[in-house]
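Peer 1: Protein chains in written order, with our numbering: chain A, 419 to 565; chain B, 5 to 327.
No lab work stands behind these hints: they were computed from the structure. A hint or two may mislead.
[Claimed, not checked] EDC-like, lysine to aspartate or glutamate: derived pairs with alpha carbons at most 16 Å apart:
hint : chain 1 : residue 1 : chain 2 : residue 2
1    : B       : Lys75     : B       : Asp100
2    : B       : Lys11     : B       : Glu170
3    : A       : Lys555    : B       : Glu139
4    : A       : Lys555    : B       : Asp151
5    : A       : Lys563    : B       : Asp243
6    : B       : Lys145    : B       : Glu155
7    : B       : Lys149    : B       : Glu170
8    : B       : Lys71     : B       : Glu225
9    : B       : Lys71     : B       : Glu94
[To be verified] A short, non-exhaustive set of chain B residues, derived as facing chain A with CB atoms under 8 Å:
hint : residue
10   : Phe256
11   : Val271
12   : Gly275
13   : Asp288
14   : Pro318
On a predicted model such as this, the values are computed, not experimentally measured, just so you know. Ideal Cβ positions, reconstructed from N, Cα and C, are used throughout, including at glycine.
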Amino acid sequence: MQVEKKEFKPTIVAFCCNWCSYAGADLSGTNRLNYPANVKIIRVPCSCRVNPMFVLRAFQRGADGVIICGCHPGDCHYTTGNYYARRRMTLLFSMLDFLGIERDRTRLEWVSAAEGAKFAATMNDFVETVTKLGENKRLEDLRCKKQ
Amino acid sequence: MQEAMIKRAKELLTDGTVNRVLGWQKGGVAYDATPAVFDSAEALEQGFVYDDFTAANLSKYLVKETKNEGKVLVFLKPCDTYSLNQLTKEHRVNRDNVYVIGVGCDGKADVEKLRAQGMDGILGITAEGDNFVVETLYGNKTVAKADVLAERCVVCKSRKLMTYDEILGEDGEVIDSNRFDMVEQLENMTSDQRYAFWQNELSRCIRCNACRNVCPACTCEKCVFDNVNSGVANTAAADSFEEKLFHVIRAFHVAGRCTDCGECSRVCPQGIPLHLLNRKFIKDINELYGEYQAGEDTDSRGPLTNFTYDDCEPSIVHERGVE
Ligand code: SF4
Ligand code: SF4
Ligand code: SF4
Ligand code: FES
């Protein structure tokens, strides 16, 4: 019997701040730049809206990688939100690493509204990295798996 | 010490400085003293205890106590004074309503360590000099105090009282302890090994929430883990994901505020080393954002409510430790 081998396509959740990165994603779309369709964008008002619980929840509900995108330091619409986000996410990612979760599954990137190309490149690169890692097993919730 | 404490408490009750005393009373078993409030000299004489097993950090009880009429007298060990400072800073405790007697400390005993030495059926414990004489169902046994010192006391960060109105006993010093050794050991393992380590530890959690309930940093009126709509409320974990979620979030919520008082690990009925999670955050904060000890003062900005323009990026995680 021949077993068909399905190519693994990771599910990526990208939290994008409304003011920069979400607009950056938009721009990359208008410019017809390609990035994989399995990147699911969640728009947040600011990168510092991302609560550690969001990141874990995303993994629970089936993400294989989670990326947070915000305005460049200094450019936050609320002036300092991304500086707080930077500290929080650094500590969270470090803690996940400490628990033995693959460190390549989490990322934070600054993408401005003008950086459509950077957005696409970042997503392509992240998808590639996570594809290499394979399915998220260590932070999965079996109850949330599709049969 | 117990006598001196009762004497002083009575004086402060009599002269009206305070109208009640927060201390410990004997629990059901010899090694299980529980926090209690005393409002008269008689009550103190009958019930107040202080010994090597009065380990509970009383500072969290002040959140409620200071909302009542009048001043309350509290006895705090050095580590508890850090917690009180932190609670004062967060406006959870009104320091003006508390009279603190700082009690010099040379460590508390851990009954689990007695058990580990094969002492079952413990009926009574008497301190004699540097030893405990343990009365058990199977006869009396003697053990050196130093051998049954609680983990948090072995690696105690400071025996210096941070806030007090008066002192009983000897104030100590900040200690250059090696409390981060185990965290470092874990950091130097491979991520597979770390994963296996934590699976083993966290899978024992029964979600009794004792670690949260006892924690002086966990004083939220409404805790995320009480929100029934959150899907993580007060149930034993149905999936190993939930264990990780609970522990990461609990530790994260106290990051930058946890004084490393060690209460969470002390009360965990499953012996889960929660202090390693807290200390990982403390260690990271120290290394990435500069040395910070929560509870050292009452006015500095905590590391997570602060930033500098040139903080490191989260990618630093890739450059540290072992993959
Ligand atoms: S776990 Fe979090 S929400 Fe719950 S009491 Fe502690 S700090 Fe508050
Ligand atoms: S997390 Fe544990 S060590 Fe830290 S303050 Fe709370 S009880 Fe104390
Ligand atoms: S005290 Fe221990 S068993 Fe109870 S919820 Fe906390 S870690 Fe789990
Ligand atoms: S608004 Fe974009 S990071 Fe704050």
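Peer 1: Hints the structure violates: just list their numbers, smallest first.
Peer 2: Violated hints: 3, 4, 6, 7, 11 and 12; rest satisfied.
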